[in-house]
Amino acid sequence: MSKGMIEKLKLLPIYILIGFIAFTCVTPFITIIATSFSGHSAILTGKVGLWPVDFHINAYKAVLMDAKFYRSLMVTIFVTVIGTLLNLCLTALTAYPLSKNIKGRKYIMTFIVFTMLFSGGLIPNYFNVRQLGLLDTVWALILPSGISTFNLIILRTFFMGIPKELEDAAFMDGAGQARILWKVYVPLSKTVLLTLGLFYAVAHWNSYMNAMIYIRNSELYTLQVRLRQLVMGDMATQLTGSLSNEDQQVLVLESVKAAIVVVSTIPIIAVYPWLQKYFVKGVMIGALKG
Amino acid sequence: MRRWTVLLLAATILLTVLSGCNKKVAVEDNEQHMTEISVEVFDRGSITSSEGSMEDNRWTRWVNEQMQQYNIRVKFVPIPRKEEETMLNLLFASNEAPDICYTYKLSLVCNFAEAGGLLELDKLVKEHGPDLTEFYETRPGLLDLGKYKGKQYGLPSGSWVDGAHALAVRKDWVDALGKALPENREEYYHLLKDFKEKDPGNVGKERVIPETCAVGGTGAGYNNIAVLSSFGITNYELVNTFDGKVYPMELQPGYRDYVIFMNKLYKEGLISNEFAVDTDGKKSIEHTYGGLAGAWSGNHSWLYGSINEETRRTVPSAEWTFVNNFPDESGKIHKVIAPAVGVYNIVPKSCENPDAVMIYLNWMAKEGGKYLMNGAEGEHYTLLDGYNIPKDREYNTKTLAYAGQNMALIRPDYYDAGYYELISDDPVIGRLSKDNFLRMKDGAITPEFSILDEVLSADIKYGTTLSSLTKSGIVKAIVSDDPGREYDKFKAEYLKSGGQEKIDEMNEVYKRMSSGR
Amino acid sequence: MYPRTNTRLVKSGVSLFKDKNTVLYIMLIPGIIYYIAFHYMPMYGLLMAFKDFNIFLGFGESPWVGLENFKILLGMDDIYRVVYNTLKLNLLNLFCGFPMPIILALMINEVKNRHFNKISQSLLYLPHFFSWVIAGSIISAVLSTSTGMVNNIIKFLGHEPIYFLGDEGWWVFTYVISGIWKDMGWNSIIYVAAISNIDPQLYDAAKVDGANRIHSLFNVTLPSIAGTICTMLILQLGKLLTIGFEHPYVLQNPMVYKVSEVISTYIYKIGIEKAQYSLTTAMGLFQSVVGLIMIFLANALIKKMGEEGIL
Chain P
1194 MSKGMIEKLK
1204 LLPIYILIGF
1214 IAFTCVTPFI
1224 TIIATSFSGH
1234 SAILTGKVGL
1244 WPVDFHINAY
1254 KAVLMDAKFY
1264 RSLMVTIFVT
1274 VIGTLLNLCL
1284 TALTAYPLSK
1294 NIKGRKYIMT
1304 FIVFTMLFSG
1314 GLIPNYFNVR
1324 QLGLLDTVWA
1334 LILPSGISTF
1344 NLIILRTFFM
1354 GIPKELEDAA
1364 FMDGAGQARI
1374 LWKVYVPLSK
1384 TVLLTLGLFY
1394 AVAHWNSYMN
1404 AMIYIRNSEL
1414 YTLQVRLRQL
1424 VMGDMATQLT
1434 GSLSNEDQQV
1444 LVLESVKAAI
1454 VVVSTIPIIA
1464 VYPWLQKYFV
1474 KGVMIGALKG
Chain Y
3 MRRWTVLLLA
13 ATILLTVLSG
23 CNKKVAVEDN
33 EQHMTEISVE
43 VFDRGSITSS
53 EGSMEDNRWT
63 RWVNEQMQQY
73 NIRVKFVPIP
83 RKEEETMLNL
93 LFASNEAPDI
103 CYTYKLSLVC
113 NFAEAGGLLE
123 LDKLVKEHGP
133 DLTEFYETRP
143 GLLDLGKYKG
153 KQYGLPSGSW
163 VDGAHALAVR
173 KDWVDALGKA
183 LPENREEYYH
193 LLKDFKEKDP
203 GNVGKERVIP
213 ETCAVGGTGA
223 GYNNIAVLSS
233 FGITNYELVN
243 TFDGKVYPME
253 LQPGYRDYVI
263 FMNKLYKEGL
273 ISNEFAVDTD
283 GKKSIEHTYG
293 GLAGAWSGNH
303 SWLYGSINEE
313 TRRTVPSAEW
323 TFVNNFPDES
333 GKIHKVIAPA
343 VGVYNIVPKS
353 CENPDAVMIY
363 LNWMAKEGGK
373 YLMNGAEGEH
383 YTLLDGYNIP
393 KDREYNTKTL
403 AYAGQNMALI
413 RPDYYDAGYY
423 ELISDDPVIG
433 RLSKDNFLRM
443 KDGAITPEFS
453 ILDEVLSADI
463 KYGTTLSSLT
473 KSGIVKAIVS
483 DDPGREYDKF
493 KAEYLKSGGQ
503 EKIDEMNEVY
513 KRMSSGR
Chain L
6 MYPRTNTRLV
16 KSGVSLFKDK
26 NTVLYIMLIP
36 GIIYYIAFHY
46 MPMYGLLMAF
56 KDFNIFLGFG
66 ESPWVGLENF
76 KILLGMDDIY
86 RVVYNTLKLN
96 LLNLFCGFPM
106 PIILALMINE
116 VKNRHFNKIS
126 QSLLYLPHFF
136 SWVIAGSIIS
146 AVLSTSTGMV
156 NNIIKFLGHE
166 PIYFLGDEGW
176 WVFTYVISGI
186 WKDMGWNSII
196 YVAAISNIDP
206 QLYDAAKVDG
216 ANRIHSLFNV
226 TLPSIAGTIC
236 TMLILQLGKL
246 LTIGFEHPYV
256 LQNPMVYKVS
266 EVISTYIYKI
276 GIEKAQYSLT
286 TAMGLFQSVV
296 GLIMIFLANA
306 LIKKMGEEGI
316 L
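Residue numbers (my numbering), protein chains in the order written: chain P, 1194 to 1483; chain Y, 3 to 519; chain L, 6 to 316.
Be a bit skeptical, because a hint or two may be false.
To be verified - Taking lysine-lysine pairs in the DSS-like style, the calculated list, with each CA pair at most 27 Å apart, reads:
| hint | chain 1 | residue 1 | chain 2 | residue 2 |
| --- | --- | --- | --- | --- |
| 1 | Y | K77 | Y | K128 |
| 2 | L | K160 | Y | K207 |
| 3 | Y | K269 | L | K309 |
| 4 | L | K309 | P | K1296 |
| 5 | Y | K266 | L | K160 |
These aren't lab readings, by the way, just hints derived from the structure by calculation.
Working from the sequences, and respecting the hints, build out all of it.
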């Protein structure tokens, strides 16, 4: 056997392992897709596996054929795009100074990290947003999550890893801090920024609680709020005990619940592979010479 | 890069403008001195765009037309159904609660009342609610359910049917065995054994589940109502008194024997061996609808049609029939039906127009509720034998259901056996529904009090612990090898962890309630 | 060589500032404003831990009760077991779950086949997007003793079915494994990104020095992402006493009550029935304080080891 083949064979266990894990990850999703196309009775009797039983598209009709759905989709896209851009700007702007040895850095970091652990609670946050006049506006969905401290720390750590020589060189050419950030650090952090952008975007896309509390106007409902409205009979009703006061007529088709999962997840899944091409090696090529 | 920036900016501006454009046009109020009240309405996401929104649709307009004669204008405040509790807490905390709110949770009502945030409604009902009073007189016991510490804070809406649990068995299996429906515990036990050994439904001996149950979901849990009755217990604690005292169900004398009996069933494979981990009831439903189960004890919402409808999709000859509760040693049958509450209507203390609120609720009790539940004659229903029979279910679901479910604050209509027979498309299901309905009510007593009218301080302190202890203790006893000893262990721990306090407090409150009569 | 710089930069107004750090402080202003406006302004809610919150009296008027709420919490029978369970599950998660995304990222790094890489990565993070409610019902179905796939295999191999969710020991196992399964792919993204940033020249240099795959791993890859790993570790330790609600809740059942009741589920049950806002705030405060202490300790430790901390 050639050396190349031995190398390849050594990798075989890794391929198998990753393949197996990927398989366990995707199978449930396939089941859910199958469920979304299956008949109510078949689902309830546990007949649905990887393939739909009693195929129908009523679930998707119910979810997609309502103008309200598209309205909420527009709102969510807006919030996600604008929100993520704002997030990245704010995060980069804040992470950069904190990656330098400025006076008071430790105090500012503590000030920020503190908020990761301590929060005022639902009601004070609601009062606060109300006081700021943001209730029932789209900004209530964007501003309160302006910076994720978790992401901030990641970016800061990354910035701290960029060699100081680059900064010094730019200074010698007369650049100020703002230019350095924009022309040096940001390009070098493309991978991380994209990753954080993904984190932020997913958070916006899946965000539910904020939208539910801060928005009263049904025109501004986000996708998650709209979709979850259609789902009943999960945790909350289990806790209320067996003598249910609810009306039986409001039973939601299991297939609709599954369709909702599919609809709210597919856009994100579609985005990630597109991002992957940026996770390419060699971003730092040439930067370290000398 | 620059092109993208410009495009993005343009998109932003466009969308901002669009989202801002949808401001509602303020209604011109030319009427002099119309009192405005705000009313909560659940948004279940069930209203279609063609109908409008929960705050503005044909029914909100109709309500306002009707209320004009009283000089009242009604504003509807939609609240997502799923988060009703969180939202209500939020609204009350920020003083933004609508003039009429409603909730399914009694604990919410009690907590708000305790904190001093609710209006007492006794006097208001007397002054402005004659139709309300009449409505409650037709439903004995219902009004009391909304009392806290003796005062009326909540007005229950009532529901289409009363609440009860019952035991159901597959009559087709019973017939195939050449037997009759079981009338006592012994016969039931032998029936289950026959289900398992003879497999009258031909589903496969390893697959048949003689009795299916689950610890969660919509069933009765591990509490088989008929069997409980044979030990002298009902699931309404205030109805059984032993030595003049009331106990939580699991601590009533007789429950220990019940656990031993269920343990025997479990060990012999007569009940589903996964019931303990079936926390959402899904497995149990699989057994039932899939035709694998022979018996099931559950609540009324399954009784009228649904269980038979669904099972017959898999097994067209299936017939679920309800079995009366079994008699105890002295031959007495313990069977209780309590009025179903529906929702509790509450009024915040900060309400500025309590009189108008009461007038609205009073109107609901007669015309409003009736119309919102049934719709217009000819359009939504036809009159047959004195019943309102829905005309076109799809049309009603689209144009009426959301109103009846969320806007009818008082539900004056009450469905009975004949109704269920008439609305069924399938004559077999219709007959089964009617039979089951009658059988369920037959011999049942309506309790004087079905719940305590006060939140116990012991519940606040120990409630969570006690309910978790109970569930896990009983379940463990049922699957263990020595159920009697496990039960005793559970009971000792229960009493020690605040259970004794709770029982004492229960009895104090009960004494107060009984003496007040 | 160096990144292209532009002599036009000299004309930028930035040169007006004498001290180059002034700009840095100015950059911080929007962030600080954000934190004050949306995090510190509502902080007064924490005071509810020391008051007997009445929803109608509000935050201002509710009476002070000092440490009473904490005393009540300590007096609750279950509280010690609940905290112990939380700690136990989190530590297990730390030892078993923390390394997994890293290992996964390292494995992915070894795989050269572009297509395999792309497809598998897109699949691995799928479970992250299910809510635990859905993931929970999938897990229950798969682990069911009667119809579940896993037990079918076990039965086929001649053994008794395992009561994964009903047995206390197996429940803990299921909890940890399901947590790993659900977020392993998503958590590996950050490590994959960090690894992809390593200069390939470092690998070439190592090869020249005679390193094989394993050597590269330990001498190039791991040191390069050490900073990321340490950061994530500190953040994870800060959550030592907090635990999500949905994950344990959907897997809980009466048989495993003793090992599955954690702080979040316990507090939820107290809160939902009794509206004990003050108690839940007090408990939250306690968890946060512990988390803060953990972060300080971990940060100091990591700095001693020579890495950058987060403070």
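Hint-by-hint comparison with the structure:
no.: 1; hint: Y/K77 / Y/K128; result: holds, 25 Å
no.: 2; hint: L/K160 / Y/K207; result: holds, 18 Å
no.: 3; hint: Y/K269 / L/K309; result: violated, 60 Å
no.: 4; hint: L/K309 / P/K1296; result: holds, 21 Å
no.: 5; hint: Y/K266 / L/K160; result: holds, 25 Å
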